[in-house]
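**Q** Protein chains in written order, with numbering that gives the first Met the number 0: chain A, 0 to 362; chain B, 0 to 362.
Please note: incorrect hints may appear among the correct ones.
Because identical chains cannot be distinguished in the list, a pair is counted as satisfied if it fits within a single copy or across any two copies.
What the hints assert, rightly or not - Straight line, CA to CA, 16 Å or less: simulated EDC-like cross-link-like pairs of lysine to aspartate or glutamate:
hint	residue 1	residue 2
1	Lys-331	Asp-347
2	Lys-97	Asp-229
3	Lys-233	Glu-5
4	Lys-296	Asp-10
5	Lys-302	Glu-290
6	Lys-302	Asp-313
7	Lys-152	Asp-95
8	Lys-340	Asp-212
9	Lys-63	Glu-290
10	Lys-340	Asp-357
11	Lys-331	Asp-95
Hints in this document: simulated from the structure, not taken from any laboratory.
For reference, the chains in residue letters:
There are 2 protein chains.
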Amino acid sequence: MMHTLEVDLGDRSYPIYIGAGLLEQQGLFAPHVAGRTVMVCTNTTVGPLYLERILGTLQLAGAKAAHSVVLPDGETYKDWPTLQRIFDALLTQHCDRKTVIVALGGGVIGDMAGFAAATYMRGVPFIQVPTTLLSQVDSSVGGKTGINHPAGKNMIGAFYQPQAVVADIATLNTLPDRELSCGLAEIIKHGAIADTDYLLQVEQWMPRLLARDAEALALVVKRSCEIKADVVSKDEREGGLRAILNFGHTFGHAIEAGMGYGQWLHGEAVGCGMVIAAQLCLRMGRLSADEAARLKKIVIEAKLPAIPPALGVDRFLELMAHDKKNDAGAIKYVLLSGLGKASTSPADEALVRQTLTDLGAGA
Amino acid sequence: MMHTLEVDLGDRSYPIYIGAGLLEQQGLFAPHVAGRTVMVCTNTTVGPLYLERILGTLQLAGAKAAHSVVLPDGETYKDWPTLQRIFDALLTQHCDRKTVIVALGGGVIGDMAGFAAATYMRGVPFIQVPTTLLSQVDSSVGGKTGINHPAGKNMIGAFYQPQAVVADIATLNTLPDRELSCGLAEIIKHGAIADTDYLLQVEQWMPRLLARDAEALALVVKRSCEIKADVVSKDEREGGLRAILNFGHTFGHAIEAGMGYGQWLHGEAVGCGMVIAAQLCLRMGRLSADEAARLKKIVIEAKLPAIPPALGVDRFLELMAHDKKNDAGAIKYVLLSGLGKASTSPADEALVRQTLTDLGAGA
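Isolated chain A (complex conformation) (with noise of 0.2 Å):
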């Protein structure tokens, strides 16, 4: 049982397979990797998991070649020193502009890898093999690529397409526990700012995505997939409506930036971002007092922290102030007008001091 997606972006569209077992179909890799160069970039964590099984699956698919490199894992790691081995492992074995660069992992490998694919020669082709529920749902879709710089997160990358997506459920079976939360958290987004009926789906299935039911997992990496793909398609770079995926992601950011990267995960401070932003709606008028409570409610079940750590708000705002989404210096906001519905705004400050002050973001 296969799904497949089509994201259209013109000549840069590209489909996205759903399923468990994919890591083995040679015939999806074929089209792309047959008599070419391949490069797998991976890390420590998935490739001792799935490297040998893609390799096989590769060489099947009638790569001439199949090399591979192995990162160290963890967000820490997305910076150029490392970013830099894969250009040295390109070299190693003088690829060319041929050569297809296949992402093995979750984010952070496919965002480097996919930073790599951006800049290597100008350009090469890339498969995203994401095997995280985050990454499944979220950057696997979009094109964004890039790598950390010491003042602030992704701020060097590209928008580059990969020419597939290969999204193998059967891999979640091996992730660990706070990371198939981070993955509920861009799906409880997925349905907060875009589709109620989603919203409840999610919230009934609850049980069976935290046992990793297949079935269930395949269907809402589908939906959170086409809800993320109907939004990028008609905003790749980033102009305007494409900002609604950043819900939570403004307040998360800092409280990823202001803990020191690696200590909260992107979908753990996500998931309290959405959180502090209802919190922010309510107090704006935008949400009710039940939509908020029941939005954090699914947040907690989701088993995401719901509680913003003490950072004091001072540093919250002025780590907020740094994030690149900002317009000329305002902080813009991503937030919801019930449940469902989406849109960027600035915010009175006052009322987002209060908010973090009233949730204990305070030093």
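Given the coordinates of chain A, work out where chain B should sit on it, guided by the hints.
**A** Showing chain B alone in chain A's frame:
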């Protein structure tokens, strides 16, 4: 007196302005910088000559703020640590996605500032202000940006188009003779690959060009940009036709890499590379002895080297095999079939070896 040329790339089209004294013309900059923060990237050679002047023009053009970052000069600094200094400057000044990057300098500054623009927050606008003849006729058209890797030139980069190119011919008055000749190498190349009338004109005007006659320089910059823009607009991402612009570059890059970047200037290596390529074409029966001799004579009259360094033939071939223009292993040469007509083709290795040996490239 100003020439304007439009590079036709659909929604990535942009104008090239060519003339003497354009650095003072605020009206050329205003549409792109009014109300925005600007970061001028330059180097320690060009900065003292023109930085204050352009910052003044940008202020008059309505820039909200005009910052600058001054990098060390030279191809050896076209690397990650130097690029990082641009990112550091952008982040220190809290530059956002609307910040405009201005490249003030030669090809190295244009490539690095352009790559910074392509990748800072996944892309910000930029304006090229080329101050060398080489960058005015070559790197300001085509959208190639990037940095070198210890294992190869321009190995990391992106295709990214500027908003506008402002080529001030007056800046050529401060250009060292050796760099003027480097620009002439690309100008000769444009005639050799695409336009024999133009080649004849360059040949006849050589004394005026070497004497920095502004009218002659403006006209060749314009015609060279036209030829390059014509080729690039038909093949933006270097799928096929665009490769003819690499005439002389396969041999030239080997010379640059083999001697260590910075020993031979790019244009010098290309000038010599064209002589080698013409000799190879002669051996292949594609050029007459007269045509090959004429091209060599023009290269020498432009005060460019015509004798390759004695790197050794094996080393030469090894360096060429690493060139990123190669397609799945085989070295691709740009060859002439008579002056004015170029195409890419493999070549018999024995003939290449014989050509290099006879020209003195053997160890």
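**Q** Return the numbers of the hints above that this structure violates; sort them in rising order.
**A** Numbers 2, 4, 5, 6, 8, 9 and 10, in rising order.
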